[in-house]
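Positions -25 to -1, 1 to 325 (mature numbering (1 follows the signal peptide of the UniProt record, and there is no 0)) are the ones given, in order, by the sequence shown.
Hints may contain errors.
Using 20 angstroms as the maximum straight-line C-alpha spacing, the simulated EDC-like pairs for lysine to aspartate or glutamate come out as follows [what the hints assert, rightly or not]:
hint, residue 1, residue 2
1, Lys30, Glu153
2, Lys183, Asp202
3, Lys143, Glu83
4, Lys103, Glu167
5, Lys216, Glu42
6, Lys143, Asp64
7, Lys103, Asp185
8, Lys30, Glu237
9, Lys52, Asp64
10, Lys190, Glu78
11, Lys183, Asp263
12, Lys247, Glu78
13, Lys178, Asp263
14, Lys190, Asp163
15, Lys36, Asp215
If you are wondering where the hints come from, they were derived from the structure by calculation, not from laboratory data.
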Amino acid sequence: MSFNTSSRIISVSTLLLAATLVVSGIPISITPLELEHLYVRGPTCNPVNLQDIQKLPAWSKVVQYAEEHWGSGGGPKVNPPEYPERGVDACMNVATIQAQWAEQPTCEVIAGGQEGKVTNAELTASWKATIGTSSKASWSVTHASEVTVGAEYSISAQVPTIAQFSSKITFSGTVRNERSSSFEATNDQMLEQTFEYKNVEGKQCNFKVDTNVCKATASAQVPVVLDGRVWFYYGEARKDKVTGEPDGHYHWNVNLAQVLSEAERTTYIEIKGPVNAQSRTAYALNCDPINAAAKKVTRRASPLPSKATMKGKPQGSKDVKSPSVGKPSAVKPKAPSRQRSRRSPASHRR
């Protein structure tokens, strides 16, 4: 890392020295940051031609600036071979484009489940399930920028949050600046995982996987910003009438960023398309007894009474005494029962 940083600093210093030598012949102000941008162009930049820049609504401001400083009659040029480091690029500099919903998401939940499989003597139930999020967007160019037609730009577009998802979804891809061109972008965060749950003997564990499936239509604008310098070539040496530069020069340039605002230097590629997303979430449920209902029926059908329903002492107990056998005279007569009172007087002993 330190080697790369040092190398970068050396290259900028060298460029500064070169710029200082050129300034004596061509009046131009250039910053280290601008030098670095011009020499180290990003992967989302494309060179432009004069016709591209002249399509900007604010192009007249560039011409007006040149005439105010160096007079009329200058021929505009873009990316001349004499000054390869001071050209004009069209760049997509936004790290992540924020998309909008053209049609709000509609979602449905698909519930699924499976029983756990006991893997060892300790009754550890295990499942394999693919969980996470998976999304796909099919983008089509509905409006192409008039600048750099046919050029390609690498983009990242983020759609708004879907309620069933924990985070926003970002798609990355390459868009071609041409109407009706299309491309697909995917974001796959699915991962197969193994889940384990401690089971107990006589119980069965269940596993649940819910899948949220959502569909929507999104749209986005890809900003293409022009940055760099436009040259004006004159047939004779011209002096700067505004700054009072004493030396005259044949070639002068206009820094677009100093004359036009970023909005005036920006054109857009518009894209639109369907977005399909799904989220899979897994749940380990509690273990339920196996055939619990059948066991309850068996207990109710048992012929043996429980202790709570038994009355008296069981037969055969040592605590139960046998009836005593003695002489009849020793036994006190008992009062006649109601049944005996209903018998005839002939059977009654006096």
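Each hint tested on the structure:
In summary, the hint linking lysine 30 to glutamate 153 is supported, as the alpha carbons are separated by about 16 angstroms, within the 20 angstroms threshold. Of the pairs offered as hints, the one joining lysine 183 and aspartate 202 is violated, with about 55 angstroms between alpha carbons and a cut-off of 20 angstroms exceeded. Straight-line distance between C-alpha atoms of lysine 143 and glutamate 83 comes to about 18 angstroms, which keeps the hinted pair within the 20 angstroms bound. At most 20 angstroms may separate the alpha-carbon atoms for a hinted pair to count; lysine 103 and glutamate 167 meet this at roughly 7 angstroms.
The suggested pairing of lysine 216 with glutamate 42 holds, with an alpha-carbon distance near 9 angstroms, which does not exceed 20 angstroms. With a C-alpha separation of about 31 angstroms, the suggested pairing of lysine 143 with aspartate 64 is violated against the 20 angstroms cut-off. Restraint check: the Cα-Cα separation between lysine 103 and aspartate 185 comes to about 14 angstroms, which is no more than 20 angstroms; the hinted pair holds. Annotation: proposed proximity of lysine 30 to glutamate 237 holds, straight-line Cα distance about 15 angstroms (limit 20 angstroms).
Proposed proximity of lysine 52 and aspartate 64 is supported: the alpha carbons are some 13 angstroms apart, at most 20 angstroms. Under the criterion of a C-alpha separation no larger than 20 angstroms, the hint pairing lysine 190 with glutamate 78 is consistent with the structure, at around 9 angstroms. Among the hinted pairs, lysine 183 with aspartate 263 is consistent with the structure: their alpha-carbon atoms are about 14 angstroms apart, no more than 20 angstroms. Annotation: proposed proximity of lysine 247 to glutamate 78 holds, straight-line Cα distance about 11 angstroms (limit 20 angstroms).
Our distance criterion of 20 angstroms between C-alpha atoms is met by lysine 178 and aspartate 263, whose separation comes to about 5 angstroms. With a CA separation close to 16 angstroms, the supplied pair lysine 190 and aspartate 163 stays within the 20 angstroms bound. Pair hint lysine 36 plus aspartate 215 holds up; C-alpha atoms about 17 angstroms apart against a cutoff of 20 angstroms.
Taken one by one, the earlier hints fail for this structure at numbers 2 and 6, listed in ascending order.
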